[in-house]
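2 protein chains.
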Amino acid sequence: MRVGSNVRAGQNVLISSHVAHAPLARALARQSYAAGARYVDVQYGDPHVRRAMIELGPDETLDYSPPWQIERVEAMAGNAMIATTGDPEPRLLADLDPERVGQAKPIELRKRHLEIVSASTCNWTGVAFPSEGWANQVFGKPDVERLWEAIGFCTRLDEDDPVAAWREHMDRLERRGAALNALGLDRLTYRGPGTDLEIGLLERSHFGSALFRTVDGHPYVANMPTEEVFTTPDARRAEGVVTSTKPLAVGGDVVEGLQVTFEGGRIVDVQAKHGAELIRADVGVDENAARLGEVALVDGTSRVGQSGLVYFNTLFDENATCHIAYGAAVFAGHEGTEPHEGINVSKTHTDFMIGGPAVDVDGVTREGRVVPLLRDDVWQLPE
Amino acid sequence: MRVGSNVRAGQNVLISSHVAHAPLARALARQSYAAGARYVDVQYGDPHVRRAMIELGPDETLDYSPPWQIERVEAMAGNAMIATTGDPEPRLLADLDPERVGQAKPIELRKRHLEIVSASTCNWTGVAFPSEGWANQVFGKPDVERLWEAIGFCTRLDEDDPVAAWREHMDRLERRGAALNALGLDRLTYRGPGTDLEIGLLERSHFGSALFRTVDGHPYVANMPTEEVFTTPDARRAEGVVTSTKPLAVGGDVVEGLQVTFEGGRIVDVQAKHGAELIRADVGVDENAARLGEVALVDGTSRVGQSGLVYFNTLFDENATCHIAYGAAVFAGHEGTEPHEGINVSKTHTDFMIGGPAVDVDGVTREGRVVPLLRDDVWQLPE
Numbered sequence: 001m002r003v004g005s006n007v008r009a010g011q012n013v014l015i016s017s018h019v020a021h022a023p024l025a026r027a028l029a030r031q032s033y034a035a036g037a038r039y040v041d042v043q044y045g046d047p048h049v050r051r052a053m054i055e056l057g058p059d060e061t062l063d064y065s066p067p068w069q070i071e072r073v074e075a076m077a078g079n080a081m082i083a084t085t086g087d088p089e090p091r092l093l094a095d096l097d098p099e100r101v102g103q104a105k106p107i108e109l110r111k112r113h114l115e116i117v118s119a120s121t122c123n124w125t126g127v128a129f130p131s132e133g134w135a136n137q138v139f140g141k142p143d144v145e146r147l148w149e150a151i152g153f154c155t156r157l158d159e160d161d162p163v164a165a166w167r168e169h170m171d172r173l174e175r176r177g178a179a180l181n182a183l184g185l186d187r188l189t190y191r192g193p194g195t196d197l198e199i200g201l202l203e204r205s206h207f208g209s210a211l212f213r214t215v216d217g218h219p220y221v222a223n224m225p226t227e228e229v230f231t232t233p234d235a236r237r238a239e240g241v242v243t244s245t246k247p248l249a250v251g252g253d254v255v256e257g258l259q260v261t262f263e264g265g266r267i268v269d270v271q272a273k274h275g276a277e278l279i280r281a282d283v284g285v286d287e288n289a290a291r292l293g294e295v296a297l298v299d300g301t302s303r304v305g306q307s308g309l310v311y312f313n314t315l316f317d318e319n320a321t322c323h324i325a326y327g328a329a330v331f332a333g334h335e336g337t338e339p340h341e342g343i344n345v346s347k348t349h350t351d352f353m354i355g356g357p358a359v360d361v362d363g364v365t366r367e368g369r370v371v372p373l374l375r376d377d378v379w380q381l382p383e
Numbered sequence: 001m002r003v004g005s006n007v008r009a010g011q012n013v014l015i016s017s018h019v020a021h022a023p024l025a026r027a028l029a030r031q032s033y034a035a036g037a038r039y040v041d042v043q044y045g046d047p048h049v050r051r052a053m054i055e056l057g058p059d060e061t062l063d064y065s066p067p068w069q070i071e072r073v074e075a076m077a078g079n080a081m082i083a084t085t086g087d088p089e090p091r092l093l094a095d096l097d098p099e100r101v102g103q104a105k106p107i108e109l110r111k112r113h114l115e116i117v118s119a120s121t122c123n124w125t126g127v128a129f130p131s132e133g134w135a136n137q138v139f140g141k142p143d144v145e146r147l148w149e150a151i152g153f154c155t156r157l158d159e160d161d162p163v164a165a166w167r168e169h170m171d172r173l174e175r176r177g178a179a180l181n182a183l184g185l186d187r188l189t190y191r192g193p194g195t196d197l198e199i200g201l202l203e204r205s206h207f208g209s210a211l212f213r214t215v216d217g218h219p220y221v222a223n224m225p226t227e228e229v230f231t232t233p234d235a236r237r238a239e240g241v242v243t244s245t246k247p248l249a250v251g252g253d254v255v256e257g258l259q260v261t262f263e264g265g266r267i268v269d270v271q272a273k274h275g276a277e278l279i280r281a282d283v284g285v286d287e288n289a290a291r292l293g294e295v296a297l298v299d300g301t302s303r304v305g306q307s308g309l310v311y312f313n314t315l316f317d318e319n320a321t322c323h324i325a326y327g328a329a330v331f332a333g334h335e336g337t338e339p340h341e342g343i344n345v346s347k348t349h350t351d352f353m354i355g356g357p358a359v360d361v362d363g364v365t366r367e368g369r370v371v372p373l374l375r376d377d378v379w380q381l382p383e
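Each protein sequence line maps, in turn, to chains A and B. Quick note: the first sequence uses the working numbering, first residue 1, plus one each step. Quick note: the second sequence uses the working numbering, first residue 1, plus one each step.
Hints listed in this document are in silico derivations from the structure and should not be mistaken for laboratory results. Keep in mind that a hint or two might mislead.
[What the hints assert, rightly or not] Derived DEER-like restraints, expressed as beta-carbon distance ranges:
(1) B:Asp59 - A:Asp59: 46 to 56 Å
(2) B:Leu157 - A:Asp63: 47 to 57 Å
(3) A:Asp59 - B:Pro219: 24 to 34 Å
(4) B:Ala9 - A:Glu149: 14 to 24 Å
[Stated by the list, open to error] Simulated pairs of lysine to aspartate or glutamate, DMTMM-like, Cα-Cα distance not exceeding 25 Å:
(5) B:Lys105 - B:Asp360
(6) B:Lys105 - B:Glu159
(7) A:Lys105 - B:Glu74
(8) A:Lys111 - B:Glu74
(9) B:Lys105 - A:Glu71
(10) A:Lys111 - B:Glu71
(11) B:Lys105 - A:Asp87
(12) B:Lys111 - A:Glu71
(13) A:Lys273 - A:Asp196
(14) A:Lys273 - A:Asp87
(15) B:Lys111 - A:Asp196
By construction, the Cβ of each residue, glycine as well, lies at the ideal position given by its N, Cα and C atoms.
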């Protein structure tokens, strides 16, 4: 309420919650009103209904965006939004036709959502809620209490003053971004087991943390937890192969052992031990889905990384280590909303994790100087 | 699916469900797709969020209708709608300021909803889902299994062929309506303990059952269960006093011992053993809320009545016995959508129960002939 969405008096607050997260949604609603919200709308999503659609609905319906849902997304502009995460039934769609699962996305809705997020008119955040199903996936048993503790640790709720701890943490990430920006990097390189990748940066690529500001200057932290500094890469320049270092929960299934090959900025090959079809469908969803939209650096001080767990949840796992996303660019800072040369536009945006102690990450400056950024998960620049 | 909403192939199906009714909402979504639905939208409502609004939200918010909710209601036109009922926490709002509870209604949303329902462009129905909280209210203990059985009995799920049983049942109610219409009634009179009431009918008042048809002739049963024949009375003519014969669940509380006095068609006095303020606030919500919008006749063959239970739920209890509603007129049959002289228009519509073995109901024809309709809960006309 005070760090994440940072709700302002008089705002509407749009809460998007899994039905199983109702206790959290209710607490968020109460606290939103206590913070001076004008109106709080909780929309509960239900993947069982989505499953019914994928299994039994007509083809034309899979990517349908109902006008009332679009109207609700439009209402984010000028208001606050909070989304809950933490899938209580992560394998719910695992037995369905992967192609239909991949197609089952409300395209127009996601596009407008990304546009409004990119326009920085909404203060928003994402927060997690534990469940037996999620705990079972993480620990192999439904130990919800232990998952509460892990989430509390990752989100700094174990601190005496969590709000102050968050402010300190975000200051440090902001300084890290500033140091990267001062280098004037042309590209990043990744070398490790199954990974030899080069990603081009744009002259205007600006590293920042998830401490965002709305266009009128109101700060908010868009993900909780967050451990990353990230930017928009040059969607035209990516070469080589990269192997995912963590499982990736996507479309109700878990992709494992993902290996992706880039040529001329595009993903040209997708392999995986499990779930390659899901990624192939996602990467093929439109013209530029196969190009990169985000590159993020995370070191070993990450609380998510330190917890030593795989959460099978992108919001957490992407913060354990370095990651990249194919699909739409996420603008770091205030870089405008119009698509530009080299800044990707797509209807999808999927993060996957490529860092860890075995992966060396370097920056190469526009003058050709190689600057080590990560060695054995240790941040190499002065802080 | 086949009797209630009677979903048509290619329709969107809008399901409005309490969060606690998710198992039913999921089953309805699956069966809607199986019946050929194009798209199924489940919107889960959460009275805890509403409670937070009433308790902590600003005054201006209480009757706010979000544009995205209005957009969803507009989508009912030409499509199917299913609403679930059965409150798992019926006393959730009981400790709040009754005036604020009464004011907490999305006025514009309800108005558009009633307009679309009255225009007969949507095939819709309401169905119940049991819960511990509801069972506790009915039985004094959380016997969900017994509530399932009662609901099954009331909705004819105990029949070998429930669909055929429903068709037979609705035929009988339709014949009953036709017999009433053939009488040419000018008014109804009610006499019993604490009741001496006369309600005027319009020349165009047409008795019908909840077997409705859309403007293009598609049949649906708008309530499950349903036991009533009902019509729109003359909102200008109601005189006398009437005492409610069943508790009335409204605004998260239960009104008991309600007694209402009419003069010149208007409610001029509201008394109750508990909850009078809730009814007073509702009756005062707009200019014509205090006038009648519905009058319904139910005899002792009602399965709801036969079950011998008080459900603390209007959909059930109104079907146990005769009832009336103040507020907006519900059009029986196809009587158009425009307000007319004597047909009430309001933003509210609240049913309460006034029949039973001790209440004699007569019709008086336009020629002044008195026709007994109900004696000791027995229907007096030939069927």
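Hint check results:
For the pair B:Asp59 and A:Asp59, the beta carbons lie near 48 Å from each other, so the given range of 46 to 56 Å is met. Distance hint check: the CB atoms of B:Leu157 and A:Asp63 are about 37 Å apart, inconsistent with the given range 47 to 57 Å. At roughly 30 Å, the beta-carbon separation of A:Asp59 and B:Pro219 lies within the given 24 to 34 Å, and the hint holds. Our hint of 14 to 24 Å for B:Ala9 and A:Glu149 is violated, since their Cβ atoms are close to 51 Å apart.
A hinted pair counts as satisfied when its Cα atoms are at most 25 Å apart, and B:Lys105 with B:Asp360 does not qualify at roughly 35 Å. Between B:Lys105 and B:Glu159 the CA atoms are separated by roughly 39 Å; this puts the pair beyond 25 Å, and the hint is violated. At roughly 23 Å between alpha-carbon atoms, A:Lys105 and B:Glu74 fall within 25 Å of each other, so this suggested pair holds. Taking the CA atoms of A:Lys111 and B:Glu74, the gap is near 23 Å; set against the 25 Å cutoff, the hint holds.
About 21 Å separates the Cα atoms of B:Lys105 and A:Glu71, which keeps this hinted pair within 25 Å; it holds. Of the pairs offered as hints, the one joining A:Lys111 and B:Glu71 holds, with about 19 Å between alpha carbons and a cut-off of 25 Å not exceeded. Proposed proximity of B:Lys105 and A:Asp87 is contradicted: the alpha carbons are some 33 Å apart, above 25 Å. For the hint linking B:Lys111 to A:Glu71, the alpha-carbon distance of about 19 Å falls within 25 Å, and the restraint holds.
Proposed proximity of A:Lys273 and A:Asp196 is supported: the alpha carbons are some 19 Å apart, at most 25 Å. Annotation: proposed proximity of A:Lys273 to A:Asp87 holds, straight-line Cα distance about 22 Å (limit 25 Å). Annotation: proposed proximity of B:Lys111 to A:Asp196 is violated, straight-line Cα distance about 62 Å (limit 25 Å).
When held up to the earlier numbered hints, the structure conflicts with 2, 4, 5, 6, 11, 15 and fits the remainder.
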